[in-house]
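Each chain, written out:
Number of protein chains: 2
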Amino acid sequence: MLRFEVVHQSKKSRARVGRIYTQHGIIETPNFVPVATNGSLKALTAAQIDALDIDLLFCNTYHLMLHPGAPIVESAGGLHHFMRRSKPIITDSGGFQVFSLAYGGVHQELKSAGTKKHDGGVKKISEEGVIFRSYRDGALITLTPESSVQAQKALGADIIIPLDELPPYHVEKGALKKSLDRTHRWEKRSLDEHLKNRRYQSMYAVIHGGIDPNLRAESCRILSAQPFDGFAIGGSLGKDRTQMITMLEQLMPQMPYEKPNHLLGIADLPSVEAIIPLGIDTFDSSHPTKCARHGLLYTRNGNITIAQGKFKTDLAPIDITCDCYTCVTYSRSYLHHLFKAHELTAYTLATIHNVRFMINLCRAYRQAIMDDAL
Amino acid sequence: MLRFEVVHQSKKSRARVGRIYTQHGIIETPNFVPVATNGSLKALTAAQIDALDIDLLFCNTYHLMLHPGAPIVESAGGLHHFMRRSKPIITDSGGFQVFSLAYGGVHQELKSAGTKKHDGGVKKISEEGVIFRSYRDGALITLTPESSVQAQKALGADIIIPLDELPPYHVEKGALKKSLDRTHRWEKRSLDEHLKNRRYQSMYAVIHGGIDPNLRAESCRILSAQPFDGFAIGGSLGKDRTQMITMLEQLMPQMPYEKPNHLLGIADLPSVEAIIPLGIDTFDSSHPTKCARHGLLYTRNGNITIAQGKFKTDLAPIDITCDCYTCVTYSRSYLHHLFKAHELTAYTLATIHNVRFMINLCRAYRQAIMDDAL
Numbered sequence: 001m002l003r004f005e006v007v008h009q010s011k012k013s014r015a016r017v018g019r020i021y022t023q024h025g026i027i028e029t030p031n032f033v034p035v036a037t038n039g040s041l042k043a044l045t046a047a048q049i050d051a052l053d054i055d056l057l058f059c060n061t062y063h064l065m066l067h068p069g070a071p072i073v074e075s076a077g078g079l080h081h082f083m084r085r086s087k088p089i090i091t092d093s094g095g096f097q098v099f100s101l102a103y104g105g106v107h108q109e110l111k112s113a114g115t116k117k118h119d120g121g122v123k124k125i126s127e128e129g130v131i132f133r134s135y136r137d138g139a140l141i142t143l144t145p146e147s148s149v150q151a152q153k154a155l156g157a158d159i160i161i162p163l164d165e166l167p168p169y170h171v172e173k174g175a176l177k178k179s180l181d182r183t184h185r186w187e188k189r190s191l192d193e194h195l196k197n198r199r200y201q202s203m204y205a206v207i208h209g210g211i212d213p214n215l216r217a218e219s220c221r222i223l224s225a226q227p228f229d230g231f232a233i234g235g236s237l238g239k240d241r242t243q244m245i246t247m248l249e250q251l252m253p254q255m256p257y258e259k260p261n262h263l264l265g266i267a268d269l270p271s272v273e274a275i276i277p278l279g280i281d282t283f284d285s286s287h288p289t290k291c292a293r294h295g296l297l298y299t300r301n302g303n304i305t306i307a308q309g310k311f312k313t314d315l316a317p318i319d320i321t322c323d324c325y326t327c328v329t330y331s332r333s334y335l336h337h338l339f340k341a342h343e344l345t346a347y348t349l350a351t352i353h354n355v356r357f358m359i360n361l362c363r364a365y366r367q368a369i370m371d372d373a374l
Numbered sequence: 001m002l003r004f005e006v007v008h009q010s011k012k013s014r015a016r017v018g019r020i021y022t023q024h025g026i027i028e029t030p031n032f033v034p035v036a037t038n039g040s041l042k043a044l045t046a047a048q049i050d051a052l053d054i055d056l057l058f059c060n061t062y063h064l065m066l067h068p069g070a071p072i073v074e075s076a077g078g079l080h081h082f083m084r085r086s087k088p089i090i091t092d093s094g095g096f097q098v099f100s101l102a103y104g105g106v107h108q109e110l111k112s113a114g115t116k117k118h119d120g121g122v123k124k125i126s127e128e129g130v131i132f133r134s135y136r137d138g139a140l141i142t143l144t145p146e147s148s149v150q151a152q153k154a155l156g157a158d159i160i161i162p163l164d165e166l167p168p169y170h171v172e173k174g175a176l177k178k179s180l181d182r183t184h185r186w187e188k189r190s191l192d193e194h195l196k197n198r199r200y201q202s203m204y205a206v207i208h209g210g211i212d213p214n215l216r217a218e219s220c221r222i223l224s225a226q227p228f229d230g231f232a233i234g235g236s237l238g239k240d241r242t243q244m245i246t247m248l249e250q251l252m253p254q255m256p257y258e259k260p261n262h263l264l265g266i267a268d269l270p271s272v273e274a275i276i277p278l279g280i281d282t283f284d285s286s287h288p289t290k291c292a293r294h295g296l297l298y299t300r301n302g303n304i305t306i307a308q309g310k311f312k313t314d315l316a317p318i319d320i321t322c323d324c325y326t327c328v329t330y331s332r333s334y335l336h337h338l339f340k341a342h343e344l345t346a347y348t349l350a351t352i353h354n355v356r357f358m359i360n361l362c363r364a365y366r367q368a369i370m371d372d373a374l
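So the sequence lines, in the order shown, correspond to chains A and B. Residue numbers for the first sequence follow my numbering, beginning at 1 and rising by one. Residue numbers for the second sequence follow my numbering, beginning at 1 and rising by one.
Misleading hints may appear alongside valid ones.
Straight-line C-alpha distance at most 16 Å; calculated EDC-like pairs for lysine to aspartate or glutamate [what the hints assert, rightly or not]:
| id | chain 1 | residue 1 | chain 2 | residue 2 |
| --- | --- | --- | --- | --- |
| 1 | B | Lys239 | B | Asp268 |
| 2 | B | Lys340 | A | Asp268 |
| 3 | A | Lys239 | A | Glu218 |
| 4 | B | Lys196 | B | Glu146 |
| 5 | A | Lys153 | A | Glu218 |
| 6 | B | Lys312 | A | Glu74 |
| 7 | A | Lys340 | B | Asp137 |
| 8 | A | Lys177 | A | Glu127 |
| 9 | A | Lys173 | A | Glu218 |
| 10 | B | Lys12 | B | Asp268 |
| 11 | A | Lys312 | B | Glu74 |
| 12 | A | Lys178 | A | Glu146 |
Over 10 Å on every C-beta distance to chain B, these chain A residues come out as not near it, computed from the model [as the list claims (entries may be wrong)]:
| id | residue |
| --- | --- |
| 13 | Gln48 |
| 14 | Pro68 |
| 15 | Glu249 |
| 16 | His294 |
| 17 | Arg300 |
| 18 | Lys340 |
FYI, nobody ran anything at the bench for these hints, they're computed from the structure. Since the structure is predicted, the reported quantities are computational estimates derived from the model, not experimental observations. All C-beta atoms, glycine included, are put in the ideal place defined by N, C-alpha and C.
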């Protein structure tokens, strides 16, 4: 299991530089965690992923459970061997996908002010767990704290996550409290299951409570009293970035200082700028890779939409300061052409760039923290 | 311009091992020429292409003319620099795409026995050239022998091809003869335009005549009397493999022995087995890369359809004897999973394998010829 060390605490903010030591290598923090949902960072090979210096990669248990199935991955030697990644991997519990299919994301909710109900395949939520229909073949699947942890044991990620319920953003306080209490019971059961056969794996608790400061504080208090190896912040983070930052400003000082903190599902650039000074160590999101596949490329001077006509004749790289394969090899003009021609290579090259941009950005943040400049 | 040497003539057949020396390197023959239509071998980066040892790569002038446009590629330093390929490239004239859009391929034709007429954007064919509408923006574009060669000069491939007309398979003999005569006049004009500013480029004539042995012989005689650097076999190759092979058996002994011979648009495995003993030096086709993207993978023991359920737990590589990145890195089980999950990386890994399989197959053919075993 992991060991965490704070290498340097900034004198200017709660930002810190740290190192998470795992069976498969060291995770330098703060750091961005790209999402390889199906055990594949979309459009990249293992060699291309290795070249990006990604310290931690996020895979989704929900998807891998439905295909090819955790036992298949286990008999292939585990997720590291199956997808040929030698460095650390984190998996989630599967709960997020089950419940976000049921309730929709906060954006869909906001459109209907929470009045629209759809079950998205969720058949029953009980104390035991959740029963849902596979989106692949309609099979009924029961996900419990124990079965989620067993699946994550089979996958074999370095860091695993207990089953939680993701209540919708528009939830009454009473229902949110009931959900929170059950989530805490589920997390306890997940931890117990994990501790039966810990191996090299570590488990991060997921702190819930929506945007209610008292519930967040309660969740933090209850979960940090248990022997989790790290703490992730999950559940609804609010309807916009301002609500999320307000919540984190209140919550972060209560988080266990000596354990790594992970923010689930956030990696847009303005949020990253806000959360690192609050002491977030790692954060995952498919946002940078999704942007890449839509031709939205990151640069030191802001994002560019590479399909715009002005890039047709632009012989400069995406970002002159970037050391990624795409930038040292190709021009904006060629990338523009690939996107306009809908060439698959466009998605590969853009993904390489955006991920490497995030990795380099985090390295720069670490240096700024070391220099007490952040 | 190129120099061709026959390294070894098989004692058993017309098959020969040769070397084509060009400005950008040596092409060992017989060899497979993958098709990178838009200046991108679909789903691969330049580094991945380099690792495959592809001696000659085919790009389509029609597509590059429409986007980004030959002048854009020229100002980017030419196609080699634009797409970051240091080794030889061949481009076609653009005529094939214009006419195949107009007449459809032989398979579409066979369905309607040639009775269905559609212009596919072709507005006018005259002695001057062909006027067609861009499939991208509807702009009217005139393609003449001179403009095609000028575009190919701007692209800067090592080997270029004169403008020809591609008559449909179901054409009356009189119309085929008229088309052939005009094609010969177009090829002569193309050669004249090329010789005005030869640079390092070489031009292959395209021998036409459909499946009429007399017209093929006439085309071969007329074109081989002119200073072309090599000879491609184009036009309709018949309605099936048997017709094509019969035509090639008659034609090949008439082809200039001391010049490289290229077969346009054919690279399925049974055809390859038949054409190499007939003396074909190079052959291009998008067939192996298309098969790859559909999950049809080549092995020494026949093709496999990787999405089939039996591969879900198969931990062997696609082909145990293959040295490609995909085979030395991943299992069939992982590839099966990527195809079932519609992951983009599937197309990359499958393309790497099928192309490398073809490259290795041709290397084995060369060895067999050296050994007089073929």
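Okay, the hints, checked on the actual structure:
1. Lys239(B) - Asp268(B): The given pair, whose Cα atoms are some 15 Å apart, holds under the 16 Å limit.
2. Lys340(B) - Asp268(A): violated, 30 Å
3. Lys239(A) - Glu218(A): Distance ~21 Å between Lys239(A) and Glu218(A) Cα, so the pair is violated.
4. Lys196(B) - Glu146(B): holds, 11 Å
5. Lys153(A) - Glu218(A): violated, 29 Å
6. Lys312(B) - Glu74(A): The hint holds at about 13 Å.
7. Lys340(A) - Asp137(B): With Cα atoms ~12 Å apart, Lys340(A) and Asp137(B) stay inside 16 Å; holds.
8. Lys177(A) - Glu127(A): holds, 14 Å
9. Lys173(A) - Glu218(A): holds, 14 Å
10. Lys12(B) - Asp268(B): violated, 23 Å
11. Lys312(A) - Glu74(B): With Cα atoms ~13 Å apart, Lys312(A) and Glu74(B) stay inside 16 Å; holds.
12. Lys178(A) - Glu146(A): violated, 20 Å
13. Gln48: It is violated; Gln48(A) is separated from chain B by about 8 Å at its closest Cβ, not greater than 10 Å.
14. Pro68: violated, 5 Å
15. Glu249: With a cut-off of 10 Å, Glu249(A) remains clear of chain B, as the shortest Cβ separation is near 38 Å.
16. His294: About 14 Å separates His294(A) from the closest Cβ of chain B, which puts it past 10 Å; holds.
17. Arg300: holds, 23 Å
18. Lys340: The claim is violated: Lys340(A) sits with its nearest Cβ about 6 Å from chain B, within 10 Å.
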